[in-house]
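S.K.: Letter by letter, the chains look like this.
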Amino acid sequence: MINQNINVALIGNPNVGKTSVFNQLTGLNQQVGNYPGITVEKKIGFCKLPNNVKANILDLPGTYSLNASSIDENVVIELLLNKNDKLYPDVALVVTDVENLKRNLLLFTQIKDLEIPTILVINMADRMEHKGISLDIPYLEEQLKTKIALVSSRKGFGIEELKKLIVTYKTISSEPCLNASIIDPEYFESLRKAFPSQLLYKLWLVITQDVNFLNLERKEIHSSFTKSHSDLKRLQQKETIKRYQFINDTLKVGLKVDASIAKDFRSKLDRVLTHKVWGYVIFFLILFVIFQSIFEWSKIPMDFIDSSFASLSTWAKDSLPDGVLTNLISQGIIPGIGGILIFIPQIAFLFLFISILEESGYMSRVVFLMDKIMRKFGLSGKSVVPLISGTACAIPAIMATRNIENWKERLITILVTPFTTCSARLPVYAIIIALVIPDKRVLGILNLQGLTLMLLYLLGFGMAIFSAYALNKVMKIKSKTFFVVEMPNYKLPMFKNVAINVIEKTKAFVYGAGKIILAISIILWFLASYGPGKQFKNAEEIVKAKTESTALTAVELENEVASYKLENSYIGIMGKTIEPVISPLGYDWKIGIAIISSFAAREVFVGTLATIYSVGGSDNDDTIKNKMAAEINPATGEKVFNFASGISLLLFYAFALQCASTLAVTKKETNSWKWPLGQLIFMSGFAYLLALITYQILK
Amino acid sequence: MLQEIIAFIILALAVGFLVKKYFFKKKKSSKSCSSDDCGCH
Numbered sequence: 001m002i003n004q005n006i007n008v009a010l011i012g013n014p015n016v017g018k019t020s021v022f023n024q025l026t027g028l029n030q031q032v033g034n035y036p037g038i039t040v041e042k043k044i045g046f047c048k049l050p051n052n053v054k055a056n057i058l059d060l061p062g063t064y065s066l067n068a069s070s071i072d073e074n075v076v077i078e079l080l081l082n083k084n085d086k087l088y089p090d091v092a093l094v095v096t097d098v099e100n101l102k103r104n105l106l107l108f109t110q111i112k113d114l115e116i117p118t119i120l121v122i123n124m125a126d127r128m129e130h131k132g133i134s135l136d137i138p139y140l141e142e143q144l145k146t147k148i149a150l151v152s153s154r155k156g157f158g159i160e161e162l163k164k165l166i167v168t169y170k171t172i173s174s175e176p177c178l179n180a181s182i183i184d185p186e187y188f189e190s191l192r193k194a195f196p197s198q199l200l201y202k203l204w205l206v207i208t209q210d211v212n213f214l215n216l217e218r219k220e221i222h223s224s225f226t227k228s229h230s231d232l233k234r235l236q237q238k239e240t241i242k243r244y245q246f247i248n249d250t251l252k253v254g255l256k257v258d259a260s261i262a263k264d265f266r267s268k269l270d271r272v273l274t275h276k277v278w279g280y281v282i283f284f285l286i287l288f289v290i291f292q293s294i295f296e297w298s299k300i301p302m303d304f305i306d307s308s309f310a311s312l313s314t315w316a317k318d319s320l321p322d323g324v325l326t327n328l329i330s331q332g333i334i335p336g337i338g339g340i341l342i343f344i345p346q347i348a349f350l351f352l353f354i355s356i357l358e359e360s361g362y363m364s365r366v367v368f369l370m371d372k373i374m375r376k377f378g379l380s381g382k383s384v385v386p387l388i389s390g391t392a393c394a395i396p397a398i399m400a401t402r403n404i405e406n407w408k409e410r411l412i413t414i415l416v417t418p419f420t421t422c423s424a425r426l427p428v429y430a431i432i433i434a435l436v437i438p439d440k441r442v443l444g445i446l447n448l449q450g451l452t453l454m455l456l457y458l459l460g461f462g463m464a465i466f467s468a469y470a471l472n473k474v475m476k477i478k479s480k481t482f483f484v485v486e487m488p489n490y491k492l493p494m495f496k497n498v499a500i501n502v503i504e505k506t507k508a509f510v511y512g513a514g515k516i517i518l519a520i521s522i523i524l525w526f527l528a529s530y531g532p533g534k535q536f537k538n539a540e541e542i543v544k545a546k547t548e549s550t551a552l553t554a555v556e557l558e559n560e561v562a563s564y565k566l567e568n569s570y571i572g573i574m575g576k577t578i579e580p581v582i583s584p585l586g587y588d589w590k591i592g593i594a595i596i597s598s599f600a601a602r603e604v605f606v607g608t609l610a611t612i613y614s615v616g617g618s619d620n621d622d623t624i625k626n627k628m629a630a631e632i633n634p635a636t637g638e639k640v641f642n643f644a645s646g647i648s649l650l651l652f653y654a655f656a657l658q659c660a661s662t663l664a665v666t667k668k669e670t671n672s673w674k675w676p677l678g679q680l681i682f683m684s685g686f687a688y689l690l691a692l693i694t695y696q697i698l699k
Numbered sequence: 001m002l003q004e005i006i007a008f009i010i011l012a013l014a015v016g017f018l019v020k021k022y023f024f025k026k027k028k029s030s031k032s033c034s035s036d037d038c039g040c041h
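Chains A and B supply the protein sequences, listed in that same order. So in the working numbering, spot 217 of the first sequence is number 217, and the numbers just go up one at a time. So in the working numbering, spot 35 of the second sequence is number 35, and the numbers just go up one at a time.
Hints listed in this document are in silico derivations from the structure and should not be mistaken for laboratory results. All of these numbers come straight from a predicted model, not from anything done at the bench. Hints are supplied without guarantee of correctness; some may be wrong.
Claimed, not checked - Covered stretches of chain A (chain B as the covering partner; in silico rule of three or more C-beta atoms under 8 Å from a C-beta of chain B): (1) 312-325; (2) 516-523.
To be verified - If you anchor each label on the Cβ, the simulated ranges turn out as follows: (3) A/Leu-455 x B/Leu-13: 35 to 43 Å; (4) A/Leu-269 x B/Leu-13: 37 to 45 Å; (5) B/Leu-13 x A/Pro-321: 15 to 23 Å.
All residues carry an ideal CB built from backbone N, CA and C; glycine is no exception.
Next comes chain A alone, as it looks inside the complex (with noise of 0.2 Å):
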């Protein structure tokens, strides 16, 4: 971070387009990643503004007001009371949408009180022509005592005027546009007496709310200025109704609507995405289509990765000099590297199809949909937003459960979120599926191995409900919250948010994911390049005297030797230890290698076996798919990768709590190791099991 950058922080209710408005600022500059649709922590970015000014901008995470109710929210507070926080905000942008200005205007109220230079960003000022909206600019800037910039991040005007507007944050008056000590003049009186020096709005923020305010005592404060807790939320309410009395006054002159123009179409189609029967039908139609889609559309790329990985590896072989650091390159890295990066296409797709979702406006009636199943099962709607991020990946969406006030309903929701198909699980599932469910059309239409994934999306979801509602049961929760969702209107995705999103996901999940399978694949190809005693030593010597009866071509011995100093390798030595465990799922020593070095990230499962198979055949040139599927297994001649052991590993990693990482923000979350461990053996013990009985069923 540069000193001399002013901090800008784009604050707002849920939903205005402060993110929009943080991407056309920022464009791809951005330092932090997210998972779309919350901003449960601080986002930064950076952009050059006229008169070579640098700015950090800050994405805050949505809130309604300062009165914080859940973690997230406090994120807000927290930054706004503490000038000592290095990016505490030299000028607020207040991010608000022109038709809903109202009840966005009690934040900027708030915000202002805290006498920091603040700009209000009307957004999507693009729909008020269409909305017959019409705004007294000069009027609300001298009421409100701010400047004013029209944007519409859309579509990407007025996005030159806020950089403008923003240079010039010294001018802004940092006056409050209302006084909020009218609610009890004798008791802020006394608090301003007792802290001169200390902004009142500041101090009354610090007794109502349970913030970090490091330049106060807080207990000095709480012992003299006590009030009891129904007091201060009368009082709390009192602030409100007074500031939306000046809200109301302000935009009976600022704001006109022609309700004559405005045209009703969103109702329309509300009315039919969240109906109690088609609201369901549209919703598998549209998750039918993503699946289909995820498998069609990236087999080609998919299949020109994995045979462009083959071919390096082969030219590695062949070009560099013979020796243990080209065995290491062509045996452990490529193979392992080409283990993630041929899955780049289906998760791109992935994300294209959530982030359109997203920003159509469609998520939100999905989630309105859903918490009336989620009510039934005992569990608030605001759990549905965890269940649903956690298809790009559970470590957010368990971060995303702090906006959740009741302690219980947000342990559960915790412990049930890895159940939901993260994008983790896609490399195991689509190769996998590939190998065992066949590549054909059921009537005519539905592609086999797309339904086949959908299903297994559907099955986490069910048993991430499932075990919510056991849960619930076993835990007595009484007490519920109330979930209030934001309806966006509905939009044509914008490109560039699209695009910035499916790219930042997708680098996510190649750079958090691909530097662990490369560390891992090199370690694995030393466990299967060296071994202990005589066996792995005089491998060839012994496969030789073994095999003398039978004719042999050079290719075959190779092979047979690759094989037997693998089996006696390291890795084999363990893999052999483990086998009887994982034997009755019908599993073989390799896969459950690939099942225990994929526990740091489930996609290194498929990374492994690439490493593996490298090292104990001699034909590089193939494919991945290709080595696996002709995988035999020598006790029983079967394919180790057969539909009843393929079936037993899909179950299996579907209900694994096969990452290291989630154990580690669950402990971070719940601050107890109780937690994670028992969602360790619950999920690992079921998913063991499931799969054991899958298997002898169906072998």
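Got chain A; can you put chain B on it based on the hints?
M.R.: Okay, now just chain B, sitting in the frame of chain A:
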């Protein structure tokens, strides 16, 4: 011989990376309070 040395250095780096990632916590870059539980409440 040289290939062997480089390969083992790469192996040591890989092991070091995983050990650091899973067994050592990252140091916080900021002293300020954000959504993380910094223990200042």
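S.K.: Would you mind marking each hint as holding or not holding in the structure?
M.R.: Taking the hints in turn, this is what the structure says about them:
no.: 1; hint: 312-325; in the structure: holds (count 4)
no.: 2; hint: 516-523; in the structure: holds (count 6)
no.: 3; hint: A/Leu-455 x B/Leu-13: 35 to 43 Å; in the structure: holds, 42 Å
no.: 4; hint: A/Leu-269 x B/Leu-13: 37 to 45 Å; in the structure: violated, 55 Å
no.: 5; hint: B/Leu-13 x A/Pro-321: 15 to 23 Å; in the structure: holds, 22 Å
Hint 4 from the earlier list is the only one contradicted by this structure; the remaining hints agree with it.
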